[in-house]
Amino acid sequence: MRPASFRHHPARSVDEALTLLASEDEDARILAGGQSLVPLMNLRMAQPSALIDINGCDDLGRIDEAGGWIEFGARVRQREGELSTAVRARLPMVAAALELNGHPATRHRGTICGTLAHADPSAELPAVAVALGAEMVLRRQGACRIVPAEAFFLGALETCIEPGEMLAAVRFPVQPARAGWGLAETGLRRHDLALAGIAVAMLPAGVTRICAFGITPEPLRLPTLEAAADDLPRSGGTPATQARIAEALAADLEGADLVDTLHASARYRQQVTATLAARALADARQRASQETAT
Amino acid sequence: MTDTPPDANAADRRLLRTTVNGIARQELVEPRMLLSDFLRRTLHLTGTHVGCAHGVCGCCTVLVDGATARACLTFAVQVQDREVQSVEGLGEDPIAAALRASFHECHALQCGYCTPGFLMAARQLLSETPEPDEETIRVALSGNICRCTGYVNIVRAVRHAADSLAAARDQQQGLSDAR
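Protein chains in written order, with the working numbering: chain W, 1489 to 1782; chain H, 18 to 196.
These are calculated hints, taken from the structure and not from any lab test. Treat each hint with caution, since some may be false.
Claimed, not checked - Using C-beta positions, here's what the derived DEER-type ranges look like:
#, chain 1, residue 1, chain 2, residue 2, range
1, W, L1531, H, E152, 46 to 54 Å
2, H, D82, W, R1500, 12 to 20 Å
3, H, A41, W, R1500, 20 to 28 Å
To be verified - Short derived list, chain H residues pointing at chain W, Cβ under 8 Å:
#, residue
4, Q95
5, G106
6, Q190
Backbone N, C-alpha and C define an ideal beta-carbon position, used for all residues, glycine too.
The whole structure should be built from the sequences, with the hints applied where relevant.
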């Protein structure tokens, strides 16, 4: 298994990368960590005409914190985000998602923007980005647009990135004190692709945002469950609570295009998501109350 | 591949300068050449094994600038001016030496195909977390597949290596205290 030939353009800066991208045809792709793209190339499921290699772009390798946001440039490795003290303290759910995202060896190379741009339905970070209200910074030569995470993911391996554009950075709103969060998933082996998962962000103002992953082609907000979350009793595990969660989830998944594969049927994914939701909500509540106490 | 002169077929080739196991290397490579092929075919360093060739099995794990990476998911041109270490380069590294002894002691390999990758992943773990518990070891090794399914002894060997390194540290400490 070897990739097909491609034109390789190493870039030293984001501007150079955007110039190269503009000069190439629409089958050109950005090469950052390559941990999702290169497997597809080895399997010849992807045959990009050219790769704009941004590994030499030091200006894309920064984690910046300003104005209530933490921004990750396109070359920030998953492992760098995971180990960053700012991220662990103020975006704990992002750090937790990165820890679940692949194995140490793939996280050393794989990037935060890369897992978002790849948009694998079973990836954790897209759902966490939606739950936390992250924003995508899309750049092309001479232009820049900001897209909310919720509008960014269009389907399995599909985003709103247009030819000539690249995901130059992603920024997450810093989580306020007294914010709770919960992230739960299940899969075939630890750190492998999730069969189902859920991300819960609980803001102090009583706003809860919940996003599922692995069960539909794109990360899926669950508005009914979000609305029900505040009324749920604090004890997460009772059968009555579980039933209410399952009911709200059923309403949210009405007519949804549920993933149904050999590894997990649509019915199983829906059932296990209800269980994971109960767990993630309980975790979020517990963390929110802990934050209050300290 | 190595039998073909570099300028044959006039394909797009780049001059790759990199350091592998401490030795500076200069080779002409096609951009599509994977690091695993560069190590195995160009440099004849066949200790890096290729199991699945799409990043799942971990057999091809090497170090790039001291951090584990999948050689099958890295293009050779991406290690330009970087330092690569393969299992052959672990040499006298004390953690690697303890792991080799423990893999032998605990019978942590059967066919041995996955062993180079496990050694690299385990070395990374012990260099960051000198005394991991079993759960930590299992998580750290979760990206490596042993098709013989000999995980119990692999986990035991890593724990054994951690213990023997700790004992060596204690002894060292004792000696310096005595002085």
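Okay, the hints, checked on the actual structure:
A hinted range of 46 to 54 Å for the beta carbons of L1531/W and E152/H is inconsistent with their spacing of about 33 Å. As the Cβ distance of D82/H to R1500/W is approximately 18 Å, the hint placing it in 12 to 20 Å holds. For the hinted restraint 20 to 28 Å between A41/H and R1500/W, the CB-CB distance of approximately 22 Å keeps it satisfied. A distance limit of 8 Å between C-beta atoms decides the matter here; for Q95/H the minimum to chain W is near 6 Å, and the interface restraint holds.
Of the supplied interface hints, the one on G106/H is violated, with its beta-carbon coming no nearer than about 16 Å to a beta-carbon of chain W, more than 8 Å. Hint status for Q190/H: violated, given a least beta-carbon distance of 28 Å to chain W, over 8 Å.
Of the numbered hints given earlier, the model fails hints 1, 5 and 6; all others are met.
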